[in-house]
Every structure is written in C-alpha cells, then in structure tokens.
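Colleague: Given next are the chains, with one letter for each unit.
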Amino acid sequence: MTAAVHREESFIGKWIFSRDHKVIGLQYMFTSLVFLLIGFSLILLIRWQLAYPGRPIPFIGDLLPDSLAPGGIMMPDFYNSLGAMHGTIMIFLGIVPLGVGAFGNYFLPLQIGAKDMAFPTLNMSSYWVYFVGGVLMLSSFVLPGGAARAGWTSYVPLSVISSGQTTWLLAMTFLITSSLLGAINFIVTTLNLRAPGLTWSRLPLFAWAQFVTGLILLFAFPVLQAGAVLQLLDRVAQTSFYMPQGLIISGELSQRGGGGNALLWQHLFWFLAHPEVYVLLLPPMGIVAEILANGTRKPIFGYKEVAGSFCFIAVLSFMVWAHHMFVSGLKTSLSYLFMTTTMTISIPSIAILTCFLLSLKDASIRFTVPMLFSLAFLPMFGIGGLTGLPLGFTPTDVYLHDTYYVIGHFHYVVVTGTLIALFGGIYYWFPKMFGRSMNMFWGKVHFWGTIVLMNLIFFPMFIQGLAGVQRRLYDPTVQLHNLTVQPTNVLMSYASWGLLLFQVPFIVNFFWSIFKGARSEENPWQATTLEWACPSPPLPHVNFEKVPTVHRGPYEYSVPGREADFWPQNEEN
Amino acid sequence: MSAERSNTKVYLGVFAALAFLTALTVWASYLDLGKGRNIALALAIAFFKVSLIAAFFMHLKSEKRAVHALFYGAALLALLLFLLVLPDLGLP
Amino acid sequence: MNDTRVLDTSTGIPNGKLGMWVFLASEVMLFGGFISSYVILRTGSPYFSIPPREMLGVPLATLNTFVLITSSVTMVLALDAVQKGSVKGLVRYLSATLFLAFCFLGIKAYEYHHKWLEGITLTSGLFGSFYYTLTALHALHVIGGIVFISYLLAMALKGRYDSREHARVEYAGLYWHFVDLVWVVLFPIFYLL
Amino acid sequence: MNPAQSNYGWGLPVAASTYADKIDRSLLILHAAMAAIFVLWAVYMAYCLVRYRKENSPKAVYSHKSTLASYTPDVLIFIFEVWLIFIVGVPIWAHIREELPAPEDATVIRVVAEQFAWLAHYPGPDGKFGRMAPSLVDYANPLGLDPQDPDAGDDVASVNEIRVPLGRPVLVTLTARDVIHSFFVPEFRTKQDAVPGMENSIWFEPVMAGRFEIGCAQLCGLGHYRMRGDIFVLPEDEYAAWMAGEQAGRRP
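Protein chains in written order, with the working numbering: chain A, 1 to 573; chain B, 1001 to 1092; chain C, 2001 to 2193; chain D, 3001 to 3252.
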C-alpha cells in the first residue's frame, strides 16, 4: 500500500462525499442524533393524547393541519402514524445508526489499528443510502396518504390495506441496503485489517461487539428485504402473498386472488426483528465494557466469557423469533420450542451482566460521567432483561402480550440500556473525536435528570401492563379495565416532557464543546486500547503515524510491578 | 504447466457432469415416485449440482476456513428459517 | 492458485474476495427468504393452484438452464485463461459469457411473454406471483452480472489484466457462479415439482 | 349489571376463569424470582460502589482468571428456568391450549372479529351453525347468515355482547374478516389473535357470574381503541331464559 498521495480535497470531497471512516462516522452520529430527537418529539405528542384523551394539544395543536388534528385534537389515524413512525425512526434511523453506524464506523478501524475500512467507497455509499432512506421515511408525513400507521411491525393485512405504507416499505429497503453495505464492511475490516499482533483474544470487546453485530445484520436483514418486497407487491401489484382468501374489507368482498397467509409476514419480520434487537444491544454492551474497564482500572472480569456470550447470543438470536407470536395462532408445538430457546438466550445476557458486576469487585472506581452512564446501564438493563422472562414464558405471555408490560420491557432494554450506554460512549470518546472534552458538570446534570425521569416514564408501564392495558390505544379510557391505572399516564407524560428539557443541556454541551470545549490530550482517560494511541482527532486517512503493533490484551490495568496503572496495547515494554 | 493444463480438463469434466445432472433431473421429474420422493430427489440433485459449482468453479475447495464458515453459516441459517416456519404454515 | 501478491491481510484472503463471499452470504439469505416463503405457501396454502406441466414450458427452461451452466463454464475458463497470461483467451471467454447471459435473458423474456398470454400472470394466483417475483429478481442479478462482466471486458481490452493482476475477474466469477447456482435451485422448484 | 369497578384494581384484575389462578401463580413466581435477583444484584453493586471507590481502594487488583464461582448466578438462573419451563410452564400451557373441552358439554360460540366490532354467532338449540355468505353481509344481518339454510333458522347473532352460562366451559372459535384482531378478556387471562383466513379456537371456564370486558389487543386500524365488548356470565336459568327469549323473538 503506497503512502496515500494527499491531494487537497475540496470541501465537498472532504466533508460531504468523504471516504474517510471518521468523517462517515461523524455524519452518521449527527444524522442519527437528529433523528432520535425527531422520533422522541413524536412520542411527546402521543403522551399528551394518552394523558388527556380528546383534549386539544396546547401549543402545537393549532399548528397541526386539520386533516391530522382538527382543532388541535389528535385523530386516531394520526395517533397510529405517530406511534408507528416513533418506533421506526427510533430503531432504524436513530439507535442502530448511532450504535453501529457512528461508533462502529469511527472506532472499529481505530481499535484494530487500521488506516480505514476495507471498502471506503462502499462505506460512503452506505451512509448516503441511509440518508436517502431517512429523508424518504420522514417525507412520508407530508406525502399524500400520510405516514405509515400499522405500527413499526406493519402487520399484514392491516399494512396492505392502510395508506402510507408504500413510502415506509421503500424507505425500509433503502435502510436495509445501507445496513447490509455497512455489515459487509465491518466483517471484512475486522477479519482482515487487524494490526500485527492483534489476535482474536486481544481484540477489545467493543470491536468484538461490532464484528458480531455485522454478522447478525448480514444474515438477518436480507430476509426482511424479501418480506418487504413481497408486501410491496401485495400493496402495489394486487398480488396476495399475505392476503388470505375472501377478505371482507369495510363491507365489500375483496377481489384479490387470496391464498396467502398473514402469519408468513410475522415469521419473516420477526426473523429479522429479533436479531435486530440484539443489534441494538451488543454495541452498547461493548461500549459499557470499554468504559467499565477504564473506570474501574481493572481488566474486565471474564473477557472470554463476555466475548463468548456475544457469539452465543448472535447464534441463538436466529432461533427465538417466534416468541413474539405465541398468541398469534402459532402451533403450540412450536411455542414449546421457542419458549425454550428464548429462555436459553437469557443465559448469555445474564452471564455478561454478571461479568460486568463482578468487574466492580476489587476495583478502584472513578465516577466520571461515562462511568455514571455505564454503571447506570447495569441495573437498568437488569430490569429490562428480567422483565423479558415473563414475556418469554408462554403461560404469563398469554396475559402480558401486547400490553404495556411489553413496552416497558423493551424500553428498559433499549432506552435505559442502549441509549444510556450510547450517551456514555459520546462523553467517553468525545475527546478523541474532537480533541476537546465535554463539560462534565452539565454531563452530570444530563445524567441524573435523564435517569430519574426515564424511570418515572417506564416503570409505571409494568403496573399498566399487569392491569391489562393494551398497547397502541388511542384513548385508553374507553376500555373500563384501564380506568383505575389512568393516572399513571399523566405522571408518565409530565416525566416525558421533563426528559425533553433534560436533553437540552446535552445538546448545548455537545455542540458548544466541539468548538469551545477544554482542549484534551491524546489519552485523557488513560485507557489502553489502540484508539487512544493516535492523535485526537486521528490523522485524516491514515489515523496512526506508524502502524501500531499489539503486544498484550486490551484491558491491562493495574498490572503489578508497573508504576502507571494502565499499559497500552501498543507499548513494547 | 501440466497442473495448469489439467485445470481446463477439470472444468470441462464438471461442465459435463452439470449438463448430465440437469438432464437427469428433468427426466426424473417425469417419473411418478410419489410426491415426497419426487421432491426429495429433485432437491438432492439440485444440492449436488450446487456443491459441484461451489467446490470447483468457486474454488471453495482451496479456500481458507473463514470462507467456509461464511458459506455454511448462510446455508444453515436459510435452512433454519425454512425448517422452523414450515410446521406452522405447512400442515393445515 | 491464489495470486501471489504478498497478502497484508490478517486472514490471508484478499479484501475483495472476502467482501464478495460476505456479500454472497447475504444473497443466500435473500434468496433463502424468498424460496422459503414460496415453498411454505405452496405446501401450506390450500388455494395454491399449480398450473399443468404443459403450460410451464419445461423444455425451454431446460435449455435455459443449460445456457446458464455453459456461461458459468466460460466464466471459469476466462479466469483460467488470464491466470495463464493469455489476455486473448480472457477476452474470448468473457465475450462468450456475455453472449450466453444475453441468450438467457432473451429466452426468459420469451418465456414471460408466452406465460403471460397463457394466463399465468402476476395476479393470476400465488404460483404466478412467486414465479414472476423470484425469476425477475434472479434476472436482475443476471443483469447486474452483465454490467460487471462488460466492465471487465472493457478493462481487459485495454490490457489492464495479466497473469498477476486479475483479482476482479475472480470476484466477477464468484458472483456469476452464485447467480448460476441460484438458478440451479430455482429451476426444479418452479418447473419440475 | 355493570362490571363492578372492583373487577379492576391497581394489580391484576379479578381471576374469573379456572386457569386464571394458574397464570397468576406463574406471574407471582416469576416476579418474586425477578425481584430477588434484582435486589441481590443491587445490594452487591451498591456495596461495591461504596467499598471500591477510588478513595477507599486507590489500587485495583489485577486479575484475569474467572473463578468457577463466577458462574453461580448463571447456573442458578438456568436451573430455575429449567424448573420453570418443564415443571410449571409446559403443563399450564398444554392445559390452556390443548385440553379443549368436548363440544357437547361446552357452550360453543363462533366469534368473527371485524374492523372495530366483535360479532358473536350462537348455534342455537340445534347446535349447528348456519351457513354464512359474504354477499349477504349488511347492517341488519352483520354475520351474513343465509336465511334459506335450515341450520341458520335458530342461530342467534349479537354484536359486542356474548352471553354464556355459568358452570360450563366456553369454546370460542375465532376468526377475522379483514385484519388481525386479538380477543382479550383480562379477567379470564385469555388472549388469542383472530387472524383472517385462519380459525383459532380457545376455551375458558368462568367461575363467577358478572359482566367482563372484551378488548382488542392487536392494532387493527383507527378504531382499535374503541373495539370493546362485554361477556355476560349468567346463571344457568337466566341464560336459558335469555336464549328462549331470542328464539321466541324469531319469526315462526
């Protein structure tokens, strides 16, 4: 590889159509953070409707067009599209691109000592396909027919007969293609471009998580691509892959040929969607491992167990998908099988959590802001994981399925688990990305406000779930069994608006520190992995002055007989 | 050079095998061995042809472990999807 | 057989080849998803009417399978030629592969037209829907292969490839054999069962 | 007979069907185990955060070996789960899903879910369901019962209201007309998706008279939230009187 001749690129070449994995990582980060904010603001509208059903939305109400919210009162169709788009935007446009696209693209090559991804052009196109998919998904709000309204799972036949789904399907195809291009890059880069001496047992856990996530994306997404194409044809070309015989839709007998099966879509969708939720989970677990090792000044407890559990989760995640379908008409013989595989997959998650908790023993814990987020991840993900047990266990799932218990479960895993870890990752790697550090006081303000309010929003969901409140209800007070627990909706709504307020310090802190943050040197956290062995921000196109060679494991902290309590991977002695 | 020369012979040999197998599978489809056995036979011939192409034309035989893992991993997962969904929708 | 350039990758497999194999793994899952749905609905749905064998045009499809297998062979011979250093052989075999690919598409187009008139259309029933969806997706992959190979042919004519520098020919070969491999599976499940 | 608001409190609704208490016991076992695990983890973590703060332990202990003892949480939870699945779970799930009561000694009802209403179809005294034709569906005849069919003569149809006698199991055959709905009665702890093109049958046996609420648990469009109905569990004689009234109201 001859030294890259460094011609002066134009602004466009350097920032917009750049092939440098660091610039692409930042593009992913900024875009996904904007999408997270948009997805979050959609749910704030829903929270008003759930807290005060039928009353006009105060400030924003009269801004909304009359077709969606006449007189400021939200219509059920608009409510369903807000719910569907909240789910879709947060998962496919927000958290996965942030966890995999931003952090993976930026720090995987750095952690394995590579100059760049294996296929830089493919990497750039993966961002731009994602960007087009995101714009298309958002534009569905203004296109005729409005946004998709059959939930982020878009179950057939509702999604075939309701409007707004075609743009959703097209946008999903773009997002799936973007994830596939990214996955190919991650797998080949981790396999091929590791620095000399970086064997598999010396690979940092964050790199392990990104590699395993790439494999999951590679094998799971194409199946949803197939399902989405079949649904698109059902919608556009009047085929009936999923449409059964003799549907009577609003009075008239549908003229479709029929013969399809509605459960087929659920099988194809959940074959992707369950591995997808582990794609949401693994990169943040990698980030928590990095921050915990650094903050406790101690090697992560059970490196092999955690890395092995990542792989075991990846393999098992392809065999558990039908636990979403226990009450959907799945044959009982299959539900026994999927109940057992679902319970088996809870073991590696518990193993990882146990290893993280045991890392705290005999440690020397520093309560820096990234450490606060990572330490909060442990109990929060614990609740998320534990509440998954009654949902994977069929007798209790019969009652809890499609109630707010499910929503509480996956929000505890995804919001107080994944999102908190990703916030920790931003505070932890900000100095490496911008050469300046974020303000730690406002970081703590952001942390405590977010954690407390998130619990106020999500814990009442379990109470509602046990009371039998179904999910996706436009007006819960119509069902009599929801009336007793209705006051929790008011509390949850105020907590969610408060959560928006507490994101302001983070946003201001984030953008202000890029230009005005205190300068920080190469290794502010005194960490040992390779990404701290290059200048911050790393050199464009080559990252390291000279290719680092790796001499030891990733978390050599407090090695006896050395005065410094950390021993970077690339130091010879 | 002899090693190189034999390569062409190998490819032509595989070509002949594939052509014969195609004719065989068409001929076999006219036999009436009962629904289950017909399907099994056709899939067996198809699987054999697939492994011929993969082993010789795609040089899978002389590839390293990583490639084998990918190939068999993908095939296994495709089979998994098929096997686990079939009982649910298959037998009404 | 691998090109002899010193390989600076940790697994010893060149990036491009590994990338192509990873891409093909995702393609296996894409076609796997489609074929699973087809077989599942065919065995499960009581309304899945299978057209009589005469309407399917089995002899023509067999010829088509034969055409694609031959193109697979000419592709591997093209790679073999360039490894022996004969650019002329490479050009000859690449053009043969391109010609055969166009033949395949031609026969496929004729088949579509013939079937559409016979009454098997996209909405005539599940068999028609699956038949057109899957074979159209496969045809798209054939067209993708044609674009890739014609790019190679252009580069070969410019003398870009010789016995040491021909990685892309090998990757195009991998892709093309995969496309042929998919057809080898599609042929029996649509025409013969 | 309004559903006494006492059916629903802050915890689980009243257990009004035979297998409801089995499900409640499983919920209790699971939540007790979850609480125990969480409390143990929290106590241990709080102790570590205080004991191994930087001020208390300036030097961390370097170690790579993970002792066998570190697997105890995983092994314990695995054993708990194996016990839970094979001893507790499988019998209950088989009881709920596969031990359907015989039609002759159960009240058999067909429920057809459509966009935003539950249509109940009783076979009537002859025990046979009349033929339904999609073309006959209209406001007066929501199920589209075919008047010429002799079996349909004594069939009773009702919208969003189901009446069942106390003391006998109820066998419900569920299907849907347009999209996927989900028949959910919190008090009976029963839930089953009504999938168009498929017939799913479920059963429950009420243990108390009263009025219980049916809800739709699967998003089925803009009216999903108002798709509610009521199940009236009547004593035997009241049910017989009601059915007789329905038959009398019919043309001779």
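Honestly, the hints are just simulated from the structure, not real lab data.
Treat the hints with care, since some could be wrong.
For each label pair, taking beta carbons as the anchor points, the in silico distance ranges come out as [said to hold, decoys possible]:
| id | chain 1 | residue 1 | chain 2 | residue 2 | range |
| --- | --- | --- | --- | --- | --- |
| 1 | A | Ala564 | D | Arg3053 | 17 to 23 Å |
| 2 | A | Phe515 | D | Ile3079 | 54 to 60 Å |
| 3 | B | Leu1083 | C | Arg2092 | 40 to 46 Å |
| 4 | A | Trp448 | D | Pro3101 | 52 to 58 Å |
| 5 | D | Pro3150 | C | Met2055 | 41 to 47 Å |
| 6 | D | Tyr3139 | C | Arg2042 | 55 to 61 Å |
| 7 | A | Phe441 | D | Ser3063 | 30 to 36 Å |
| 8 | A | Phe515 | B | Phe1082 | 51 to 57 Å |
| 9 | B | His1068 | C | Met2155 | 46 to 52 Å |
| 10 | D | Arg3053 | A | Pro560 | 20 to 26 Å |
| 11 | B | His1068 | D | Gly3011 | 41 to 47 Å |
| 12 | A | Trp448 | D | Gly3011 | 28 to 34 Å |
| 13 | C | Arg2092 | B | Val1010 | 46 to 52 Å |
| 14 | B | Leu1083 | C | His2114 | 46 to 52 Å |
Here the structure is a predicted model, which means the values were calculated and not measured.
Glycine is no exception: its CB is placed at the ideal position from the N, C-alpha and C atoms.
Colleague: Hint by hint, say whether it matches the structure.
Modeller: To see whether the hints hold, each was checked on the structure:
1. The hint said 17 to 23 Å for the Cβ distance between A/Ala564 and D/Arg3053, and at roughly 21 Å that hint holds.
2. Roughly 56 Å separates the CB atoms of A/Phe515 and D/Ile3079, a value that falls within the hinted 54 to 60 Å.
3. Restraint check, B/Leu1083 to C/Arg2092: a C-beta distance of roughly 45 Å satisfies the suggested window 40 to 46 Å.
4. With their beta carbons about 56 Å apart, A/Trp448 and D/Pro3101 fall inside the hinted range of 52 to 58 Å.
5. At roughly 43 Å, the beta carbons of D/Pro3150 and C/Met2055 sit within the given window of 41 to 47 Å.
6. A hinted range of 55 to 61 Å for the beta carbons of D/Tyr3139 and C/Arg2042 is inconsistent with their spacing of about 40 Å.
7. The supplied range of 30 to 36 Å is met by A/Phe441 and D/Ser3063, whose beta-carbon atoms lie about 35 Å from each other.
8. Distance hint check for A/Phe515 and B/Phe1082: the Cβ-Cβ separation is about 55 Å, which falls inside the suggested range of 51 to 57 Å.
9. Take B/His1068 and C/Met2155: their Cβ atoms lie about 30 Å apart, and the range 46 to 52 Å is violated.
10. Under the hint 20 to 26 Å, the C-beta atoms of D/Arg3053 and A/Pro560, about 21 Å apart, fit the expected range.
11. Our hint of 41 to 47 Å for B/His1068 and D/Gly3011 is violated, since their Cβ atoms are close to 55 Å apart.
12. At about 31 Å, the beta-carbon gap between A/Trp448 and D/Gly3011 stays in the expected band of 28 to 34 Å.
13. At about 20 Å, the beta-carbon gap between C/Arg2092 and B/Val1010 misses the expected band of 46 to 52 Å.
14. Between B/Leu1083 and C/His2114 the CB atoms are about 35 Å apart, so this pair departs from the stated range of 46 to 52 Å.
This entry does not satisfy hints 6, 9, 11, 13 and 14, going by the numbered hints stated previously.
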